[in-house]
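Undergrad: Chain residues, written in single-letter form:
Number of protein chains: 2
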Amino acid sequence: MVAARFQIAVDTLGSESPTAQIIAGARDFIDANVDCDLTLIGRSRDFSCFPESRCRIVDCATAVPQHATLLDVLRKKSDSSLRSGLSLLADSSVDALVSTGNSGALMVLGRQIVSTLPGITRPAMIKQFTRTTGSFWMLDLGANLARRRGLLSEFARIGSAYANSIGGLKEAKVALLNIGTEAHKGPQYLRDTAVELARDPQVNFVGYIEAHALFDGIADVVVTDGFTGNVVLKSIEGALGIARQHVQHALASSDDSKHEAVVNKVNSSLNAQTYNGASLVGLRGVIVKCHGNTNHIGIRSALALAKHEIVAQVPQRLEAQFEHLPDLH
Amino acid sequence: MVAARFQIAVDTLGSESPTAQIIAGARDFIDANVDCDLTLIGRSRDFSCFPESRCRIVDCATAVPQHATLLDVLRKKSDSSLRSGLSLLADSSVDALVSTGNSGALMVLGRQIVSTLPGITRPAMIKQFTRTTGSFWMLDLGANLARRRGLLSEFARIGSAYANSIGGLKEAKVALLNIGTEAHKGPQYLRDTAVELARDPQVNFVGYIEAHALFDGIADVVVTDGFTGNVVLKSIEGALGIARQHVQHALASSDDSKHEAVVNKVNSSLNAQTYNGASLVGLRGVIVKCHGNTNHIGIRSALALAKHEIVAQVPQRLEAQFEHLPDLH
Chain A
1080 MVAARFQIAV
1090 DTLGSESPTA
1100 QIIAGARDFI
1110 DANVDCDLTL
1120 IGRSRDFSCF
1130 PESRCRIVDC
1140 ATAVPQHATL
1150 LDVLRKKSDS
1160 SLRSGLSLLA
1170 DSSVDALVST
1180 GNSGALMVLG
1190 RQIVSTLPGI
1200 TRPAMIKQFT
1210 RTTGSFWMLD
1220 LGANLARRRG
1230 LLSEFARIGS
1240 AYANSIGGLK
1250 EAKVALLNIG
1260 TEAHKGPQYL
1270 RDTAVELARD
1280 PQVNFVGYIE
1290 AHALFDGIAD
1300 VVVTDGFTGN
1310 VVLKSIEGAL
1320 GIARQHVQHA
1330 LASSDDSKHE
1340 AVVNKVNSSL
1350 NAQTYNGASL
1360 VGLRGVIVKC
1370 HGNTNHIGIR
1380 SALALAKHEI
1390 VAQVPQRLEA
1400 QFEHLPDLH
Chain B
1080 MVAARFQIAV
1090 DTLGSESPTA
1100 QIIAGARDFI
1110 DANVDCDLTL
1120 IGRSRDFSCF
1130 PESRCRIVDC
1140 ATAVPQHATL
1150 LDVLRKKSDS
1160 SLRSGLSLLA
1170 DSSVDALVST
1180 GNSGALMVLG
1190 RQIVSTLPGI
1200 TRPAMIKQFT
1210 RTTGSFWMLD
1220 LGANLARRRG
1230 LLSEFARIGS
1240 AYANSIGGLK
1250 EAKVALLNIG
1260 TEAHKGPQYL
1270 RDTAVELARD
1280 PQVNFVGYIE
1290 AHALFDGIAD
1300 VVVTDGFTGN
1310 VVLKSIEGAL
1320 GIARQHVQHA
1330 LASSDDSKHE
1340 AVVNKVNSSL
1350 NAQTYNGASL
1360 VGLRGVIVKC
1370 HGNTNHIGIR
1380 SALALAKHEI
1390 VAQVPQRLEA
1400 QFEHLPDLH
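In order, the protein sequences belong to chains A and B. Heads up: the first sequence is residues 1080 to 1408, going by this note's numbering. Heads up: the second sequence is residues 1080 to 1408, going by this note's numbering.
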């Protein structure tokens, strides 16, 4: 067997999706990636199907409840599976952590247990969206609700470094999400951010982008605040759900014998759009969050993304980008 | 011929869509609605195809440019087609105005020329979205960028009265758009608004809604700030565009002879979602805005919506709802 090069931790607790799906996805992943070993955090009895040689098991029964408030999460010092995973990442016992649980908890404990990279004040949630050709990345998807110029400029640099490393781009085109493309459109903090980014040598700023143009290839990186980004992500998810219903309905009423296959094909394309993992970037380590109710395919792709970020050295690239930079704040 | 009962003005200038489309849509509408006459504002030579008996023509060559700043719009006192239309509405020469031009201009001039209803501080842009069964309305879609508790509570009342009158509902279920459904989620101004709405006897408040659940039938009215609403609207539009591409691709590669028909059916369902008109509510009159680059079908449905709002007496219902109410601010 091949000596392991990457160690990825998986927090299997506190998820909305059945543990069996998480296990199946993790199992698929190590079978397909002989250079990766897993650290499985959860109930050890669930992990019997894994080869001992490829897995470390951290027995833990305590999950962060899906609906715990952030205050509860920070106060509760109890040894939850999430805290264990983040601690393993903080002391470099693992290269990456994949979580299926409470996003808010991941973000606050991530900042508390795994420190932010020098020059970065707040980590951000970033996700890849696939276009008919290529893809784009959007951040922040919910790690920060504040709408401050400096914060958005920081996200622009984080997103740019991320897309350049993981997407293999030279100079990622960065756009600011706004409700119009003219310079005078939108709230003041966005217009101030646009001025700041136009001057930033670290960012290839291409201006404003409207949400209907996200998939048009204008930008590689779309920057927005965490509230708006989270709403956009979920709006796309909801709209694609409606689209699936229309397709099923249209095909069902057409006497096309093969419509089953077409529906499945469309569904898989549309699902991929929303069910991939998102990454918490800006911390000293790779952290990937799965969609709340993902299946084994979602887990496998989240693990693949974590491996990709380790190989692309995303944290190192970010650190290099933020070194010796004038503070934005 | 039937005596006209409704007089609807159409501003045919300053649109991104070809005048021919606007004309065709307006023509379709009066042919199908013998109880409506039109006041056509624009270049009189464009209106030769309309029966004189059914149309008044306001000759005007000056449009508000699509990209004019609001400051320009307010300063420029020149007699634009939009100002003419709003003036006709203000002095009750018409029952409704349908505009195809600059949204920002419509909103600022609407407030300036057509006054707000008593008790309403700011008009809001509202739009109907169709679900597989029934529909829901969302506001504000861009008339106001401020995020104030009082403003959102006002939108909740406006949306509730609008849905009850136009949708024939008894007690519209009103939800606040947020990034989670638990009480502790989201920014403070949203949590304060939720507390306020829970106490408001005028509003049947059902709590928070997340964007992925918009089409799930939880709420009849979804309340959010104008920036977020505008972004949600355009995100849905962009996502449905991507869905259309996936469907076309999936069907093209399936050897289904009838796939043309299916694509068209899906497209029309998805287009209807985004290309319907939106209404500016809260002013003394009915104002419907078409999608920027709509076709004749969009114009016709915008005119149908305007007629529907006149018949449902939306402004009168709103006025009744806001009379003798404690000021929210």
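Incorrect hints may appear among the rest.
It does not matter which identical chain is meant; a pair holds if it fits inside one copy or across any two.
Stated by the list, open to error - Simulated pairs of lysine to aspartate or glutamate, DMTMM-like, Cα-Cα distance not exceeding 20 Å: (1) Lys1264 <-> Asp1151; (2) Lys1264 <-> Glu1095; (3) Lys1264 <-> Asp1114.
In case anyone wonders, no lab produced these hints; they're calculated from the structure. Quantities reported herein were computed from a predicted structural model and do not represent experimental measurements.
Undergrad: Please go over all the hints and tell whether each is borne out by the structure.
TA: Hints, one by one, checked against the model:
{"no.": "1", "hint": "Lys1264 <-> Asp1151", "in the structure": "between (40 Å within a copy, 13 Å between copies)"}
{"no.": "2", "hint": "Lys1264 <-> Glu1095", "in the structure": "between (40 Å within a copy, 18 Å between copies)"}
{"no.": "3", "hint": "Lys1264 <-> Asp1114", "in the structure": "neither (49 Å within a copy, 40 Å between copies)"}
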